[in-house]
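Listed below, chain by chain, are the residues.
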Amino acid sequence: MTAGTTISAARIAPDSPEIGQLLHSFVSELYPICRSITGNGLRETLRRIGERIPVQIHEVPTGTQVYDWTVPREWNIRDAWVKNSRGERVIDFQRSNLHVVNYSIPVRKTLSLRELKEHLHSLPDYPDRIPYRTSYYRETWGFCVGQRDLDGLPEDDYEAVINSSLADGHLSYGELLVPGESSEEILISAHCCHPSLCNDNLSGVAVACFLAQTLASQTCRYSYRFLFIPGTIGSITWLSRNEHVVPLIKHGLVLACVGDRGGFSYKKSRRGDAEIDRAVQHLLKHSSAPYKVREFSPYGYDERQYCSPGFNLPVGCLNRTPHGEFSEYHTSADNLDFVSADALAGTFRKCLEIFDLLERNHCYLNLNPKCEPQLGKRGLYRELGGQSDAQIREMAILWVLNLSDGQNSLLDVAERSGLRFDVIHQAAASLERHGLLTPARNQEEL
Amino acid sequence: MTAGTTISAARIAPDSPEIGQLLHSFVSELYPICRSITGNGLRETLRRIGERIPVQIHEVPTGTQVYDWTVPREWNIRDAWVKNSRGERVIDFQRSNLHVVNYSIPVRKTLSLRELKEHLHSLPDYPDRIPYRTSYYRETWGFCVGQRDLDGLPEDDYEAVINSSLADGHLSYGELLVPGESSEEILISAHCCHPSLCNDNLSGVAVACFLAQTLASQTCRYSYRFLFIPGTIGSITWLSRNEHVVPLIKHGLVLACVGDRGGFSYKKSRRGDAEIDRAVQHLLKHSSAPYKVREFSPYGYDERQYCSPGFNLPVGCLNRTPHGEFSEYHTSADNLDFVSADALAGTFRKCLEIFDLLERNHCYLNLNPKCEPQLGKRGLYRELGGQSDAQIREMAILWVLNLSDGQNSLLDVAERSGLRFDVIHQAAASLERHGLLTPARNQEEL
Amino acid sequence: MTAGTTISAARIAPDSPEIGQLLHSFVSELYPICRSITGNGLRETLRRIGERIPVQIHEVPTGTQVYDWTVPREWNIRDAWVKNSRGERVIDFQRSNLHVVNYSIPVRKTLSLRELKEHLHSLPDYPDRIPYRTSYYRETWGFCVGQRDLDGLPEDDYEAVINSSLADGHLSYGELLVPGESSEEILISAHCCHPSLCNDNLSGVAVACFLAQTLASQTCRYSYRFLFIPGTIGSITWLSRNEHVVPLIKHGLVLACVGDRGGFSYKKSRRGDAEIDRAVQHLLKHSSAPYKVREFSPYGYDERQYCSPGFNLPVGCLNRTPHGEFSEYHTSADNLDFVSADALAGTFRKCLEIFDLLERNHCYLNLNPKCEPQLGKRGLYRELGGQSDAQIREMAILWVLNLSDGQNSLLDVAERSGLRFDVIHQAAASLERHGLLTPARNQEEL
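Chains as they are written, first to last, in the working numbering: chain A, 935 to 1380; chain B, 935 to 1380; chain C, 935 to 1380.
Calculated directly from the structure, the hints in this document are not laboratory data. Glycine residues also receive a C-beta, built at the ideal position from the N, C-alpha and C atoms. Some hints could be false.
As the list claims (entries may be wrong) - Derived pair list, reagent style BS3-like, types lysine-lysine, alpha-carbon separation capped at 30 Å:
no.	chain 1	residue 1	chain 2	residue 2
1	B	Lys1017	B	Lys1043
2	B	Lys1051	A	Lys1311
3	B	Lys1184	B	Lys1226
4	C	Lys1219	B	Lys1304
5	B	Lys1219	C	Lys1184
6	A	Lys1226	A	Lys1184
Claimed, not checked - Pair ranges (Cβ atoms, derived):
no.	chain 1	residue 1	chain 2	residue 2	range
7	B	Ser1151	C	Gln1341	40 to 46 Å
8	A	Arg1175	C	Gln1341	25 to 31 Å
9	C	Ile1326	B	Val1180	56 to 62 Å
In isolation and in its complexed conformation, chain A is listed as follows (with noise of 0.2 Å):
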């Protein structure tokens, strides 16, 4: 376990015009490291988020039980080549981490053509992309080549070499913990196991990186639990290890393809009416851009491990485009070109009033139930009607009123009123200023 660097003192201010080109530049930098779910690839991309905020690295060595799996064996690699008969690297590792199997065992062997196609993988339909393939739990080696390439090769004598190991070792993964003034969480998880992949992997990391730099900076009601782990076996060893920490994660997000130029795709935790479920939906609604919500389902990231029945957390989903929705998945073209600087800075931007919503969630009473209080002698009500603006204020304090018994959150208040919860909350926060509003006692155990 090594602790991180401490935080940048040059933070990034959330709504900076840069930020966008400073997450696609976090992507960059990270885009050529060969990561897989253990080893110096992802060791390497924990160490270079630790260079931004304070992430602190665990250790966890090959073999820990954790639930029903088994920590694997290390896997690193150092070269890997096809070699034709003249020498020449037809397939070369260093050209693309991809041009391997992920987690393919040491190779060194002739092979005719024949033999060596059999482990060979390509994509008919996209004949220049480069598949992104693994084997972390069956013992195999092979290369991933474009299907153009592969086509072109010729009967020969080939040498095929995979310079890597598996052996006893470690999984890494990074954890941050932004304290607020609640020990109460909301959880942020982002996968990090992924060779050259941008969207599918970097993108997620990258914007998880700097919420953290900025929440940091900031003074939270929540506490904030930031996990750069490898997919599936990450969360596993995560939640194993921190069974104690459960029951205090009150909301969370994995982000996972938050990179591309699509709109926002929202997948629901098991729950379905989790409040960061309808926090989130609030805001894609009544944002101008067209997004989806989608179903939980058992199948996607890391949220198949939260929503599991032993913890059914309420931890939904980020995307743009989901995977399974774009044909560069999993392919070399999920590269640099197909994130975008804009996207990054939406989605993190996106993050941020999620938070900033689920922070300012509150229940309220009215002081004043029976009947409405005289708001103008307060100057809380436009004395000549007219602007619209002046109108949903005024609204926005009558709902608040009226709803304000204790049960209902902003949330709630915004939801049924149909106004923006920004709107909801000023009302709020006004009404609170003039002693006409107080936060519910125990309002969590509403």
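For this one, chain A is given, so just place chains B and C on it according to the hints.
Same frame as chain A, but now just chains B and C:
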């Protein structure tokens, strides 16, 4: 507190064809009076109501604290005008009481056209209409005029005179309890604080008055409480003085804008599924006329106060065209032509239908709950198929028997069966006569 | 009470292609018998059923009180005719037993054409069809004829003879309990009180009989109770004599009009969301054929009695075309041509599917509820993506694991996942074999 006159001996038959004309006549009688939220116009209106029903007139002194509000000073006006330099009244309160901003403080001033215009209100979009303006809680003065007349005013020296008084006095309101067999009450509330405006204020007043007259001549299960009150401050004042009555109110209707030629519009109570909400919707759905049902919002008439969270009473609001959806609203065009005898009579009858449903809505127990009783031997089953009326009657009997387990009211049966409440009620009455059905005990606790 | 014959050794394989022909043959065998709600026609029908399954035939004496009803006198008929003055039978019971109003009292009279017509029933819209009429509880007599034949009757002296008897005797019904592992029961009820009508009555009788035969040869979790009863009075009689059995009935189906060529129509139980309601809807939804689901109404077949409020049993009604929606209903056109072997076989198989679902619908507990278990090491996870069947199987496994918290039945899982019950059940069976899932204890109490 003064007692009203005794009830008119010549009561009106609810289905009399002349009921519409009588209602319109009463609106005409009240039309010229310059009402406000306090003062002699309001008092005179209550006196006229008192000539028809034994309404009690309550006088609440200026300065009385009513929850967050204070009963304001009493406003009275004798005359008001703007004269040009030739001594001609170019704006004249005697021609329309809408010409003066309601609650204007006394004034006597000579002004240039420019200075005068700062105190004039008009409607550019409707140049022939005088707008209706008030300033109850901010001391000011002003005149309301047609845009066309305003545009015709030449440069001149104008004398503006408002012969009004704003002084300690009383807020007046009228109240009548028509006692029923039970102390449980249905509340009917109409505001009567607007000067010469017919749909908005007088339509509700007239219908409520006639309903009281009709119900007083009947034997009812419920007691009916009628309130004739200035808007907002009136309901707040009544509630603050009658908290002991509140638990008795089982259903309620605010009547406003019920005289225009539009279809019915019903705004649900804050509860949204109160018996009154379901009863009105059932009747509107089974009428052949178009109608609208709107969700509760904390903006509108006195249901705002009855439905404030400290009371949350099951009080809805019945309108024809709702405020804000007709351009005549709060202008001189909301006049005697805008309300029709037929519409007033239709509202009157719809209210009686609503009360009738509530009166007859009970939970029953099927006394032969195991299998159907043999209807044929009791003459409850048509012996030869055929007439569709008989089929409907028979279906109603089967539905009442099937659902009368003490948990379902007749309205529940009507809703689930899709049949009219009347048909369901007749079936229940018939079954009760044959000893097959009995009212469920303690049904109010269900 | 007489015991039926023992079960046929040569049982029918449910998926045999000849099942439809066998069902239709049984309908043909029963078709000529003149059944009524009592009497030898009903008794003979039960005897023929008894040749196939060991049905118990119960005989309940005339005058027995059954709840609000009394078992009527037994009706038997030997012959009936209308002869013209030349002694020719112009209406002849021997040609169709529908010609006589069912439960007609004995008569022997000579009448003019005008007098005769008062006792004739016909269908002007369907001049070639004989209508089916009954008069169980009012003593009368009559004949039913085609409108065309009626119109052809000349003025004459007619002799009307009905050689029937209405005398103290018994009401007969058949009952068979096919015992299962549990004492909990599924009720299958078919009426058998109509004379020569195929879809309405014989289709249900034949399907129920064959279901009993098939289920008796299987090992079932549930016990299955088959009732072959006269409509209304039969179910009332059975319920009044078997109140101790009622709590054991967990699901039930009334079978009626299940032999015509229309798609399935299912009428929900009074509960509306009983397991049987959801099971049938699930199977109909996932079939490729058109179907209809109707809400409960207290009009129809014996579900009226089973769903009366004193029992409120989870009993639905399965039809193809419901009564009232086909013009052949209750006419001589509901004959052997109107029901098809394929339709009868389809209903038979659909019922088995329904029972099969209910048999297999359990709540399970995921024994590895914290995170997903490692499916790969158990061979439960496809190693190479691809086949869509494998993907569906895998999704089913993930859904079962995710929702098996002891609260969700497999049908709940199927409904939420959108997958077929069969696929979900296979997944559960596979997980149970691998020790990852166990039936929830006390699941019946959940």
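Right, here's what the structure says about each hint:
1. Lys1017/B x Lys1043/B: Holds - the C-alpha atoms of lysine 1043/B and lysine 1017/B are around 10 Å apart, at most 30 Å.
2. Lys1051/B x Lys1311/A: Status holds; Cα separation ~27 Å.
3. Lys1184/B x Lys1226/B: holds, 23 Å
4. Lys1219/C x Lys1304/B: It is violated: about 33 Å lies between the C-alpha atoms, which goes past 30 Å.
5. Lys1219/B x Lys1184/C: violated, 38 Å
6. Lys1226/A x Lys1184/A: Since the Cα atoms of lysine 1226/A and lysine 1184/A sit roughly 23 Å apart, the hinted pair holds (cutoff 30 Å).
7. Ser1151/B x Gln1341/C: 40 to 46 Å: violated, 58 Å
8. Arg1175/A x Gln1341/C: 25 to 31 Å: holds, 28 Å
9. Ile1326/C x Val1180/B: 56 to 62 Å: holds, 59 Å
Of the numbered hints listed earlier, those contradicted by the structure are 4, 5 and 7.
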